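Novice: Sequence:
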Amino acid sequence: MNLGAMWKAKKSWDTVNRNHPKLAPFLEGIRAHGACEGMEIAVAVRYPDGTEYKTGIRLQQSDIEALAALKDLKD
0 MNLGAMWKAK
10 KSWDTVNRNH
20 PKLAPFLEGI
30 RAHGACEGME
40 IAVAVRYPDG
50 TEYKTGIRLQ
60 QSDIEALAAL
70 KDLKD
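For the sequence shown, numbering that gives the first Met the number 0 assigns the number 0 to the initial residue and increments by one for each residue that follows.
Bear in mind the hints are in silico, worked out from the structure with no lab data behind them. Since this is a predicted model, take the numbers as computed values, not measurements. Please note: incorrect hints may appear among the correct ones.
Unchecked claim - In silico lysine-lysine, DSS-like type, Cα no more than 27 Å apart, as pairs:
id, residue 1, residue 2
1, 7, 73
2, 21, 73
3, 21, 7
4, 21, 10
Said to hold, decoys possible - Per label pair, the in silico range of CB-to-CB distance:
id, residue 1, residue 2, range
5, 3, 36, 35 to 43 Å
6, 60, 6, 37 to 45 Å
7, 53, 24, 22 to 30 Å
Ideal Cβ placement from N, Cα and C applies to all residues, glycine included.
Please take these sequences and the hints and turn them into a complete structure.
Specialist: What follows is the structure in structure tokens.
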């Protein structure tokens, strides 16, 4: 990634943090606590027109291994 793209990404993330100040501490808490087998991840999206989508997954050991492999690619 070039320096300009990195700067743009940082500015965008700073804007998200200003708009949603609870998001970063929430994500950091999850990162600090870590993933474990049986952990549930639930997501809900609600549109202004009332449309709603929900889903949830319960992590399995293979999911945790896949997440670790992705993290290793980043490092």
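Novice: For every hint, state whether the structure bears it out.
Specialist: Outcome of the hint check:
This hinted pair checks out: residue 7 and residue 73 have alpha carbons roughly 19 Å apart, not beyond 27 Å. Between residue 21 and residue 73, the direct Cα distance comes to roughly 25 Å. Compliance with the 27 Å bound is thereby established for this hinted pair. Straight-line distance between C-alpha atoms of residue 21 and residue 7 comes to about 22 Å, which keeps the hinted pair within the 27 Å bound. For the given pair, residue 21 sits about 18 Å from residue 10 by alpha-carbon distance, which is consistent with the 27 Å threshold.
Distance hint check for residue 3 and residue 36: the Cβ-Cβ separation is about 41 Å, which falls inside the suggested range of 35 to 43 Å. Under the hint 37 to 45 Å, the C-beta atoms of residue 60 and residue 6, about 39 Å apart, fit the expected range. The hinted window of 22 to 30 Å between residue 53 and residue 24 holds, with their beta carbons roughly 24 Å apart.
The structure shown violates none of the earlier numbered hints.
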